[in-house]
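Chains as they are written, first to last, in my numbering: chain A, 1 to 408; chain B, 1001 to 1115.
Wrong hints could be hidden among the right ones.
Said to hold, decoys possible - In silico DSBU-like pairs for lysine-lysine, Cα to Cα no more than 35 angstroms straight-line:
1) B:K1032 - A:K66
2) A:K159 - B:K1002
3) B:K1002 - A:K157
To be verified - Computed from the model, here is a short list of chain B residues facing chain A with C-beta under 8 angstroms:
4) D1085
5) L1086
6) E1105
7) T1108
8) I1109
What the hints contain is simulated information worked out from the structure, not anything from laboratory work. For every residue, glycine included, the Cβ atom is placed at its ideal position computed from N, Cα and C.
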Amino acid sequence: MSATAVEEVFREDRARLLALLAARLGDLDLAEEVASEAVEAALHRWPTDGVPDKPLAWLLTTARRKAVDRIRRDRTYADRLAVLQVEADRAAPPVENDDDIPDERLQLFFTCCHPALSPEVHTALTLRFLAGLTTPEVARAFLVPTATMAQRLVRAKRKISSARIPFRVPDSGELPARLPGVLRVIYLIFTEGYAASAGADLMRPDLADEAIRLARILHRLLPREREVAGLLALLLLVDARRAARVDADGAQVLLDDQDRALWDADAIAEGQRLVVPALTGPGVGPYAVQAAIAALHDEAPDLAATDWPQIVALYDVLLRLTPSPLVALNRAMAVAMVDGPAPGLALLDALADAPELRGYHLLPAARAELLARLDRTAEAAEAYAAALALVTNQSERAQLDRRLSALA
Amino acid sequence: MKYLLLIHTPDPNSQAPGCDAPTVEEFMAFHKTITDAGVVLGSNALDVEHATSVEVRDGERVVTDGPFAETREMVGGYYLIDVPDLDTAIDWAARCPGSKGGRMEIRTIWEPDFA
Chain A
1 MSATAVEEVF REDRARLLAL LAARLGDLDL AEEVASEAVE AALHRWPTDG
51 VPDKPLAWLL TTARRKAVDR IRRDRTYADR LAVLQVEADR AAPPVENDDD
101 IPDERLQLFF TCCHPALSPE VHTALTLRFL AGLTTPEVAR AFLVPTATMA
151 QRLVRAKRKI SSARIPFRVP DSGELPARLP GVLRVIYLIF TEGYAASAGA
201 DLMRPDLADE AIRLARILHR LLPREREVAG LLALLLLVDA RRAARVDADG
251 AQVLLDDQDR ALWDADAIAE GQRLVVPALT GPGVGPYAVQ AAIAALHDEA
301 PDLAATDWPQ IVALYDVLLR LTPSPLVALN RAMAVAMVDG PAPGLALLDA
351 LADAPELRGY HLLPAARAEL LARLDRTAEA AEAYAAALAL VTNQSERAQL
401 DRRLSALA
Chain B
1001 MKYLLLIHTP DPNSQAPGCD APTVEEFMAF HKTITDAGVV LGSNALDVEH
1051 ATSVEVRDGE RVVTDGPFAE TREMVGGYYL IDVPDLDTAI DWAARCPGSK
1101 GGRMEIRTIW EPDFA
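All chains should be built: construct the whole structure from the sequences, respecting the hints.
Here it is as structure tokens:
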């Protein structure tokens, strides 16, 4: 068995292993170190000995043994860690079955996204420790040098350890305040993958995949949390259009021009199944509403046959839940589909002074779109030029260029 | 784990209108609750009107009044507590009436064993 095949075996186990060790040892650094040593031992042994029947149990036992050695060797660790706990763990009967091992990734999610850490660090820690990306990979995701990211991660780990941020799942009273932070991190990873903020490619599918994987894990761990189901549904329903979003030249293709035959029917079906329970009942959340909007787009055979009045109604709900000019912008475009471009344009113009949209290319791009539909060609060209001056992604630039030339 | 909860009290002159300052009774009730919980190692209210600073520069003591010429808030008191983790410390800080209108700062007591 090759080393790569072995790596594949514990692609997911690695994060579980780290979570278990962090919760037991109360120290992310030590957990990371002994988890790596156990993985290294596996890479060394498994190709010749074969993969054990219970790979996670094997890794956990190996890592714990290494932790005990390490604590015995190192006075500073010995002084501050719950040595007795580790010893007790070792005295306990070895874990025989992978199914008996608790999944403690949920604790790790909440530690990585703890409000006592800065928001930018939440995403980095989650990618590093739950998605299992290497530090250089996390650095690439943030478009920063590896050394910068390494330093950021070290600082965050030091704060977790020195302020003693616990590895625990918030109780039911705290959960409503803490869960949105975790969901937001997964959503941000996805949006960066879906519409890269910079660079030549429109999408960084690796990040979108990681976000969906993380949302799946979280949904498995918290099956009754409707917003978790809503988030997973949203990601699946939006990602289903991935193959149709870019043309052969790498230029972005907007929803109205997409070849809907390229949409992923399985992902759409899975998203639809999730969105129903996420939406049902009182206290619906913003991810479930966004998922419902995405589902309506995915179900429509073409742009004209889309249930636009229902989409406007859902944007009304979303605007009440999360008032933001960006939601209002999307709502205005849906209104334009129901009532015509002129009322849509009036709503967009009301957003002109919103500070959140200043410097954001999608506002002039949306205006250009509606002005063109109203045959106000000169103003549309001006608005496209304004959007082009602000856009940072090459693929979106190509799409805007194309629309501008099509005006003439 | 030991944490210092610093109670930052806003300057009464710059306090936003409509923001109710906590009452003495609220502080007394909180003081009893946290003391009864057995987590308090030390606690005091501080004089928020007077402070003295001292710096040594080139071997010379420089003593000044203040500092608070510009500051909008003062440390009005503190609790030194011993609790298992940061979440518990945050919980106590949030329950302290000083968090209403003012701000609680949580500092970890540094212990030399921590790398």
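Taking the hints in turn, this is what the structure says about them:
no. : hint             : verdict
1   : B:K1032 - A:K66  : violated (46 angstroms)
2   : A:K159 - B:K1002 : holds (15 angstroms)
3   : B:K1002 - A:K157 : holds (19 angstroms)
4   : D1085            : holds (4 angstroms)
5   : L1086            : holds (5 angstroms)
6   : E1105            : violated (12 angstroms)
7   : T1108            : holds (5 angstroms)
8   : I1109            : violated (10 angstroms)
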